[in-house]
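Can you build the whole structure from these sequences, using the hints too?
Protein chains in written order, with my numbering: chain A, 77 to 421; chain B, 77 to 421.
To be clear, the hints were calculated from the coordinates, so they are not data collected in a lab. A few of these clues could be false.
Since copy identity is lost for identical chains, a pair holds within one copy or between any two.
Said to hold, decoys possible - In the DSS-like style, the derived pairs of lysine-lysine whose C-alpha atoms are separated by at most 27 Å in a straight line are:
id : residue 1 : residue 2
1  : Lys377    : Lys327
2  : Lys166    : Lys290
3  : Lys209    : Lys320
All of these numbers come straight from a predicted model, not from anything done at the bench.
Protein chains: 2
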Amino acid sequence: MPKILISRHVGDHAMSILSSSGFDLIVNSEDAAPSREWVLKHLADPEMAAMCLMHGQPSDIVDEELLNACGPNVKCLSTFSVGFDHINVKAANERGIKIGHTPGVLDDAVADVTVMLVLMTMRRVENGISLVKAGEWAQIPWAPFVNCGPSISHPSLTISFIGFGRISQATLSRLLAFTSTSHPPRILYTSSRARPDQVSIDQAFSEKFGVEIKRVEREQVAKQGDIVIVLASQNPQTVDFVNKEFLTWMKKTAILVNCARGPLVNSEDLAWALENDEIYGAGLDVVTGEPNVSADHPLVKSRKCVVLPHIGSGDYDTRNKMAELCVRNAINGAKGEALLAEVKV
Amino acid sequence: MPKILISRHVGDHAMSILSSSGFDLIVNSEDAAPSREWVLKHLADPEMAAMCLMHGQPSDIVDEELLNACGPNVKCLSTFSVGFDHINVKAANERGIKIGHTPGVLDDAVADVTVMLVLMTMRRVENGISLVKAGEWAQIPWAPFVNCGPSISHPSLTISFIGFGRISQATLSRLLAFTSTSHPPRILYTSSRARPDQVSIDQAFSEKFGVEIKRVEREQVAKQGDIVIVLASQNPQTVDFVNKEFLTWMKKTAILVNCARGPLVNSEDLAWALENDEIYGAGLDVVTGEPNVSADHPLVKSRKCVVLPHIGSGDYDTRNKMAELCVRNAINGAKGEALLAEVKV
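Spelled out as structure tokens, the structure:
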């Protein structure tokens with residue numbers, strides 16, 4: 077009887093789909109990551125056909141070691157995430173193992189948190205919360221411009237996106253409910269490379285959203301954006317995309333939000349930029365090295381920066397949809413059928 | 077030469093309007109509230125014609141004492157706020173003194189913060205930030221349902237408003253960019269009393285926003301709302317509107333957001349409800365007794381409640397618009413002309 081390995085309970089909704097799939101299930105019974113040994117041992121089982129795995133769980137990193145451990149019938153490794161920076165996709169594919177992931181279903185949830193972080197950063201919420209928690213509110217009572225920040229409905233704002241995929245577009249559609257209608261924002265974005273038909277692509281975007289949208293190079297998204305939003309995938313070209321040079325290009329009144337992956341923004345450079353008033357503030361749902369982020373991390377300590385523990389896709393409906401897609405990928409892969417969402421590189 | 081008293085610098089934009097108004101200006105030179113004596117002394121000046129004053133500044137509370145101190149030519153007291161719970165309007169009007177305030181110009185800014193608090197509360201951001209700041213992220217790493225909250229795009233959500241004036245409507249127009257389009261939310265609101273033409277009023281609202289909108293009584297906004305938003309003015313009928321009874325009626329999965337005035341929500345009852353899981357969480361921009369809120373206030377300490385230091389209208393553009401309206405009210409009042417925005421009770 078072929079088996080599916082589940083490295084962590086994925087919720088009642090998705091577990092019930094697995095239970096009726098006809099496969100034997102090997103489920104990590106702890107509400108914690110299993111040991112690497114446990115994973116490798118079960119993957120070596122000649123009857124193992126697929127695995128559901130987690131991003132950010134050390135046991136589940138798909139490297140040469142894990143791939144070498146796979147038994148002859150492992151056909152699919154399905155990650156409970158969109159990102160696949162923890163997976164050596166090329167090496168897996170070379171062994172005939174498909175990689176599944178969960179795009180699409182979390183776009184709305186991540187866009188919600190991105191807009192929330194834009195508002196929180198513009199309104200200096202990190203500072204506001206810290207002030208209240210320190211019992212300092214009475215020392216800084218209401219005054220005409222106390223605790224103020226830039227206005228999201230400021231006329232002719234420029235919003236810059238690093239990456240303009242589905243999540244960026246979902247974010248934009250929400251942001252347009254906040255920005256000025258009489259003086260709408262201008263949207264700039266950058267992507268890995270300009271397309272031959274870039275002008276018509278941008279024209280289609282502009283028509284879809286009813287505002288001017290244009291692809292530009294890295295320097296211009298930095299220099300012109302009042303709000304700079306990082307929503308690109310992590311790869312060697314995007315690591316450290318926002319570094320000291322980029323931050324120095326940014327307006328001193330501009331804010332930065334990262335809801336993609338930590339390494340796209342260099343933490344040391346960002347801490348330096350905040351400390352030196354090179355930018356107004358930052359909102360991060362992700363940070364390099366997470367979850368190993370200590371209380372004395374300079375970005376955690378800064379009152380100009382809010383750091384959230386990677387909650388972008390964290391609403392119950394979304395996580396259940398991700399879980400369902402993750403297990404359906406694994407089931408399809410185990411059967412030798414096409415995945416619902418396969419990573420190919 | 078008639079004079080205008082300015083109890084606090086209202087920013088360069090509005091000060092320049094005052095400077096060219098033709099009135100002599102008496103301006104508090106400190107970036108802090110003046111003493112009560114300073115205010116009363118200048119109000120007694122026979123040439124004093126109007127005053128620009130602040131909400132939440134103890135020196136500026138418009139009670140019998142302040143009104144009795146006014147010289148014979150004081151015609152207008154103009155507050156830099158929408159709310160006028162610090163002003164005895166009736167007593168002022170009986171003396172022929174008009175009360176100016178600043179409605180309209182801050183609707184968008186307060187709506188921005190209201191939506192932000194809805195998102196923050198649903199996504200348990202208070203808990204997330206506290207966890208990161210305590211260095212606990214590594215102990216609670218990513219897992220399928222860790223740090224999750226209810227989804228704002230959940231099908232057929234009910235959103236309840238206490239008060240459905242301009243700010244509530246601006247909030248709703250933003251929230252609809254986040255909610256499900258295939259299963260849109262139902263909107264309930266309550267107001268001081270049903271109108272004779274309530275059905276046609278609600279029909280007009282429903283058509284304007286493209287979702288079902290209906291006025292109901294207090295018990296129903298509490299019982300049916302997944303998101304309950306307080307945006308009513310403070311008066312004897314609204315103080316303690318959200319009390320233990322109301323909170324017990326609410327769903328255990330529902331959230332409460334207050335961006336109006338602190339006393340509309342009873343703090344002790346809310347702390348009790350959060351402690352006993354009567355509701356999912358709360359987001360407050362205002363709290364009774366502010367700014368005298370200590371670090372050990374139960375709502376400040378709760379990880380289910382975020383408390384912001386009354387930043388609702390706190391973006392620079394909005395505060396400059398409020399300042400302009402405040403000084404124009406004072407100038408018009410001092411001239412004996414109609415105010416741009418007068419409070420009447």
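Against the structure, the hints:
Within a single copy, lysine 377 and lysine 327 get their C-alpha atoms as close as 23 Å, which meets the 27 Å cut-off; across copies the closest is 36 Å, which misses it. With identical chains, the CA atoms of lysine 166 and lysine 290 are never at most 27 Å apart, being 33 Å at best within one copy and 56 Å at best between copies. Taking the closest pair of Cα atoms, lysine 209 and lysine 320 come within 27 Å of each other only across two copies (25 Å); inside a single copy the shortest separation is 32 Å, beyond that limit.
In the structure shown, a violation is registered for the earlier hint numbered 2 alone.
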